[in-house]
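Using the sequences and the accompanying hints, generate a full structural model.
If you're matching them up, the sequences are chains Z and Y in order.
Going by the numbering used here, the residue at position 3 of the first sequence is 3; the numbering climbs one at a time, nothing skipped.
Going by the numbering used here, the residue at position 288 of the second sequence is 288; the numbering climbs one at a time, nothing skipped.
Where hints are given, some of them may not hold.
Any copy, or any two copies together, can satisfy a pair, since identical chains are not distinguished.
[Stated by the list, open to error] In silico SDA-like pairs for lysine to any residue, Cα to Cα no more than 20 angstroms straight-line:
1) K165 <-> E102
2) K157 <-> S10
3) K157 <-> S8
4) K157 <-> R106
5) K232 <-> S218
6) K165 <-> M337
7) K375 <-> A304
8) K157 <-> S27
9) K232 <-> D73
It is worth saying that the hints were derived from the structure and are not from the lab.
Protein chains: 2
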Amino acid sequence: MANVIRQSFSVPFAFDVIFTRGVFEASNDALFKALEPRTPGDSARAMFVVDSGVAACHPEMIEQIESYCIGRDIESAGEPLIVPGGERCKNETQWLDVVVREIDQRGVCRHSYVVAVGGGAVLDMAGYAAAIAHRGVRHMRIPTTTLAQGDSAVGVKNGVNAFGKKNFVGAFVPPSAVIMDAEFLMTLHDRDWRSGISEAIKVALLKDAEYFAWLERSMDRLNARDLDAMEKLIRRSAELHLNHIATSGDPFELGSSRPLDFGHWSAHRLESMSNHELRHGEAVAIGLALDLTYSKLVGMLEGADWRRAVNALSAAGFELFSPLLIDEGGNVSPELMRGLDEFREHLGGELTIMLLESIGSGVEAHEMDFELVNKAVAMLRERALAEEMS
Amino acid sequence: MANVIRQSFSVPFAFDVIFTRGVFEASNDALFKALEPRTPGDSARAMFVVDSGVAACHPEMIEQIESYCIGRDIESAGEPLIVPGGERCKNETQWLDVVVREIDQRGVCRHSYVVAVGGGAVLDMAGYAAAIAHRGVRHMRIPTTTLAQGDSAVGVKNGVNAFGKKNFVGAFVPPSAVIMDAEFLMTLHDRDWRSGISEAIKVALLKDAEYFAWLERSMDRLNARDLDAMEKLIRRSAELHLNHIATSGDPFELGSSRPLDFGHWSAHRLESMSNHELRHGEAVAIGLALDLTYSKLVGMLEGADWRRAVNALSAAGFELFSPLLIDEGGNVSPELMRGLDEFREHLGGELTIMLLESIGSGVEAHEMDFELVNKAVAMLRERALAEEMS
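Now the structure itself:
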């Protein structure tokens, strides 16, 4: 009798990412078709969790959701639950508790759905509530921002913030489906419209030089809020993310590497340091500029590619320097540098940072030289001052 | 351009279940070998979470753990954290919060370990804390009870109770390894020694008639606290559970069926109704007796098989009737019957209950007839009265 039994198995996951417009219009059957009944022949059952910001911009939406459910014979588990949009719903754990408690009280079973409608923060929080209640209720994501549509909503992460650390608690659980409706983007404030562009630039820089060139060419249209251009950006960003997750061999990030988190070690810190005054996309733009500049200083990235990348971020309207990057003496802030430790701790194992060697091609590094980070910050500061002067 | 992108991928999981004795003795390398360093060449890092009941029975153990870590160059993330044993640590969410907070404060990264030493409740709670902190820190289980060794520790479930419902919040995350040390069983109280036997009878009844016959033959040795016999029971029960999870095609229970939860719809209710005065194993014995009797009444199970099964539970020393089963009028308690709704809700979809058609062969049913449940309860009550008289 051996002293060890080796257990091994695989768990398959599959979900659809659906592109549509007017998701809650009576004639649109995307949502209805994506909701499976709890048992064959039964009607599907759903509890809607709606971002307060979205509900405010679309005052007719709650009623539209209710009519949609009645018209399509979807059993609605009570009125849509409205939760605050933005990081607030991830910082204040009461909102997580509210969603978990409502799942219990409204009798939402594992084969019912939590349908979250909102920005990335609401989707992260509601998805996490669904992930842990009954050890996993089905959840559907209807992202309403450029950032959530192109980036987080197609991923497998759910979570909330804790101890001042972004996404400190969470779970890797794929959604049952993701529905993208470009019409939600029309009412976004300019900052939120812009916010998804930095993640698009990031994934293009890492994976797809042709897409990056398209972004450069399309920046005027994107800045002029051309919805078709934005839909194309979201489509290509989502595809690159989905493809990465499906083919990386490590969808639940059991290893140390996180190839898509270019620029994110400092971005996450900046968000916390600014008390989330900086949007995720804005912080990512700064984080990218920092790691791009570092890649150049370390001799990895050519000046021409560095210039194209940084200029694309500026052309999208992002600030690439923040006073939070430096301390009183003008050196790189020690609080920012803590982001490297937190990043290593969160991923585990060896520090693994993504840098860029050319447009379309990232490369992993395992340390960052403090003096070069300091120099990169100084360069971004000078660049910002020069722009102010010009 | 299609309107739908289909995403699909599989996530592979593997872990060892190791049988040993004297896990914390300096000469025993099972634990050391099961802990992978965070990075190659580095030492492994572990935070120990210890069941207060185990620590009380083994006053030398905390020191032994610390010596073991020093001797084997395992980096210990602070002193072992002692948490209350039993359902208390799952009912009072403060203990979950304590473990999550310590993971943060002690800098336990995703590639460090939470090593939980204790009964099933402590393993469930600490495993859940590890599952959600950093979206997943590695966790190792060192179960110390017959029930945890033979049953829950080899599974993929982690969680705590909420809203008076067992395991209402949780996550499906396999451990990194499970280490079984039979020596822990020697100090168990009789009730806890016995508690694992009902789950062994359950899995034997469902899957393995030969194993059931062995249990019948071995009951005297098991009752006499023969450690070799108990080790064999645990080994076979663990094998059957592991095999079920690996081959069922649904390790994370995305479907409605839960073939191993024979007798559990009422057992979970009885635990809550008794304020956890009833141990899980004791409640399962009653739940099994109820569903065995129901299986007989519905014409599915022969009287001879029913008798063998119920007698085996009695021979192990379990009470098969509890006053909690009935209301004041002597009918089946409505509060107990709510267990069927909770069971359906927790699993989702159609109600799916496991019944028995013969020893070694379970069969699924999708409804339970109230009158027959009532009759089954009455039969168990009569049987208990008759035993009292004799």
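Here's how the hints hold up against the structure:
| no. | hint | verdict |
| --- | --- | --- |
| 1 | K165 <-> E102 | between (26 angstroms within a copy, 14 angstroms between copies) |
| 2 | K157 <-> S10 | both (19 angstroms within a copy, 15 angstroms between copies) |
| 3 | K157 <-> S8 | between (23 angstroms within a copy, 15 angstroms between copies) |
| 4 | K157 <-> R106 | neither (25 angstroms within a copy, 24 angstroms between copies) |
| 5 | K232 <-> S218 | within (10 angstroms within a copy, 69 angstroms between copies) |
| 6 | K165 <-> M337 | within (14 angstroms within a copy, 44 angstroms between copies) |
| 7 | K375 <-> A304 | within (19 angstroms within a copy, 83 angstroms between copies) |
| 8 | K157 <-> S27 | neither (32 angstroms within a copy, 42 angstroms between copies) |
| 9 | K232 <-> D73 | neither (33 angstroms within a copy, 54 angstroms between copies) |
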